[in-house]
Amino acid sequence: MSNTPATAAAASSSKSKAAGTSQPQEKRKTLFQKELQHMMYGFGDEQNPLPETVALVEDIVVEYVTDLTHKAQEIGSKRGRLLVDDFLYLIRKDLPKLNRCRELLAMQEELKQARKAFDVDEKELVD
Amino acid sequence: MKHSKDPFEAAIEEEQEESPPESPVGGGGGGGGDGSEEGRAEIDQTAEEDERPVDVRRPAKKSKTSVAVAEARNKDDDEEEEEENMEVELTKYPTSADPAKMAKMQTILSQFTEDQMSRYESFRRSALQRPQMKKLLIGVTGSQKIGMPMIIVVCGIAKMFVGELVETARVVMAERKESGPIRPCHIRESYRRLKLEGKVPKRSVPRLFR
Chain F
1 MSNTPATAAA ASSSKSKAAG TSQPQEKRKT LFQKELQHMM YGFGDEQNPL
51 PETVALVEDI VVEYVTDLTH KAQEIGSKRG RLLVDDFLYL IRKDLPKLNR
101 CRELLAMQEE LKQARKAFDV DEKELVD
Chain H
1 MKHSKDPFEA AIEEEQEESP PESPVGGGGG GGGDGSEEGR AEIDQTAEED
51 ERPVDVRRPA KKSKTSVAVA EARNKDDDEE EEEENMEVEL TKYPTSADPA
101 KMAKMQTILS QFTEDQMSRY ESFRRSALQR PQMKKLLIGV TGSQKIGMPM
151 IIVVCGIAKM FVGELVETAR VVMAERKESG PIRPCHIRES YRRLKLEGKV
201 PKRSVPRLFR
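Residue numbers (UniProt numbering), protein chains in the order written: chain F, 1 to 127; chain H, 1 to 210.
Calculated directly from the structure, the hints in this document are not laboratory data. Keep in mind that this is a model prediction, so the values were computed, not measured. The beta carbon of each residue, even a glycine, is placed where N, CA and C say it ideally should be. Hints are not guaranteed to be accurate.
To be verified - Per label pair, the in silico range of CB-to-CB distance:
| hint | chain 1 | residue 1 | chain 2 | residue 2 | range |
| --- | --- | --- | --- | --- | --- |
| 1 | H | 208 | F | 123 | 54 to 64 Å |
| 2 | H | 208 | F | 93 | 40 to 50 Å |
| 3 | F | 116 | H | 207 | 22 to 32 Å |
| 4 | F | 124 | H | 110 | 20 to 30 Å |
| 5 | H | 175 | F | 75 | 31 to 41 Å |
| 6 | H | 195 | F | 119 | 42 to 52 Å |
| 7 | F | 30 | H | 143 | 41 to 51 Å |
| 8 | H | 206 | F | 119 | 19 to 29 Å |
| 9 | F | 102 | H | 118 | 21 to 31 Å |
| 10 | H | 207 | F | 34 | 18 to 28 Å |
| 11 | F | 80 | H | 107 | 47 to 57 Å |
Chain H on its own, in the form it takes in the complex (with noise of 0.2 Å):
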């Protein structure tokens, strides 16, 4: 396995290797729907270049982590609740720190453009929320007790899901060549071929009863 292989660096050759079509967006700039389009395709290209957190844009973020470590010291006992703050995500952390990532992405995220910046905001901060997450795995496992780990490794792992859903329906849409939000159809589409890829697991007994 490769040492220190970003998740999204990954995905990148993956999908270099399938060679996706390009953005759906026909000619240069275009109107206002058309700059989203394309931002859309370069984001895909730069967020998933390096996950790695982006100090250049608020560094007053760093303060708050200290702020956020003190009210989550406040606030939980044994299960820590709320202790990520979601400007945790936005400050650097060294344990994986790459200079030369680090500068490769400063460059890429100084060149947004409004609209890109916007959805990449989006891309980093939303997250599942965790009490959610831990009702429906009770209600799932049966057992009480979720653990800390398990939720967040969960709460990932459906991100990510989420992220191949909706990048697939986009390639579904340019396929069809139709723009605009996404329909369910295109979702449909979507999950469709995901099984097809096996990222979506298989239940040994089918789902009666919907």
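Pulled out of the complex, with its shape left as it was, chain F reads as follows (with noise of 0.2 Å):
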């Protein structure tokens, strides 16, 4: 009756999106496409990788960030917030990663540090 519009909108709507990325007027969002081209490039890729290529990279990436943080969250709910250590504590087995993660957090802590020591001396300067 009055719902045949709505769900015939719907129906043609999901059809459209059930063909995927045949349609041409449906763009892929994507996230990190730009940043992603220079990686491969510095990973071993060509100078420019194809198009195809990177956005298959893309998907696994985004794909595996979404599985590694579901993971973390499920570690995470237990103690009722999603924090860090729950990441540091799935990776805990891949020793480059984790070092590296451990490398980058100490990294940022210097970096607070330095920033917190600069406005101290503004301070002292101003004063």
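Put the complex together from the two separate chains, hints included.
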């Protein structure tokens, strides 16, 4: 009755979505495309990686981050909040990643301290 | 756990255990394309040896760091959004200073060809963008607040994962004796191998309606 136009519209829109990326109107929302090109070059690809390769790597990375975050949330839900330590726990077996994360966190701490010191110095100069 | 074991040093030791195939280039010098391939193999060895920031090429960057800090101070309130400049990764941080490693790194970097240097620069400077990652994390977790350390950590993990993907894809290409840009079929094979190695988190529920 009055529902049919709405359901028909919903059905057609879902149909066009189900057709996937073959539809010309649909645009893939890329999150990391530009940076991924530089990154892939840095890791061993050509200077200009193929766009389909970049798109595939982006999809894989998004799926990886999503799955990793879901797992971390499962772990974090036991203690309440999602914490950084949940991610560190998940990659505990992967030593290169673990050490890199520790390095990044340490660098961030240092930057925070440096900024605080900068603040203090500026205040002293003003006074 | 070994003290201050470099992430890439550890990766290199793991690789040496697995004895990866040599660079896909057959024979010595060759043309520009070959040069870049060789450069890649060399960079894999050297860049992974020490990820420690290098001061030799860009001593001026140190002053830029303080400028970046000033900028960051002006910009941020509680969320330290853009505090880290790209140059920061290239300046030395004294916490994990190792003069022997630094010296080794200097000698290696000084001998880089232009091609190798440009690739190394891309390797060091590229990073997934934090605002985008934050958007993704908020979408996945459903919570509105994601702390900065978490974004930084996830960006780092993801970057290393991309590295594993691309390097494994190059290994796959070497096995198939192909050259040129990496194609999606190589990435798919590389992804399959990483899954077998257990480096990809497995979903407890299979993914439907992709």
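Against the structure, the hints come out as follows:
1. 208(H) to 123(F): 54 to 64 Å: Cβ of residue 208(H) to Cβ of residue 123(F): about 57 Å, so the range 54 to 64 Å holds.
2. 208(H) to 93(F): 40 to 50 Å: Taking Cβ atoms as reference, residue 208(H) and residue 93(F) lie about 28 Å apart, which means the hint is violated.
3. 116(F) to 207(H): 22 to 32 Å: violated, 44 Å
4. 124(F) to 110(H): 20 to 30 Å: Violated, at about 41 Å.
5. 175(H) to 75(F): 31 to 41 Å: Holds - the Cβ-Cβ distance for residue 175(H) and residue 75(F), about 37 Å, lies within 31 to 41 Å.
6. 195(H) to 119(F): 42 to 52 Å: Hint holds: Cβ distance 47 Å, inside 42 to 52 Å.
7. 30(F) to 143(H): 41 to 51 Å: Violated, since residue 30(F) and residue 143(H) (Cβ atoms, about 24 Å apart) do not stay within the stated range.
8. 206(H) to 119(F): 19 to 29 Å: violated, 51 Å
9. 102(F) to 118(H): 21 to 31 Å: holds, 29 Å
10. 207(H) to 34(F): 18 to 28 Å: holds, 27 Å
11. 80(F) to 107(H): 47 to 57 Å: Between residue 80(F) and residue 107(H), where Cβ atoms are some 50 Å apart, the hint holds.
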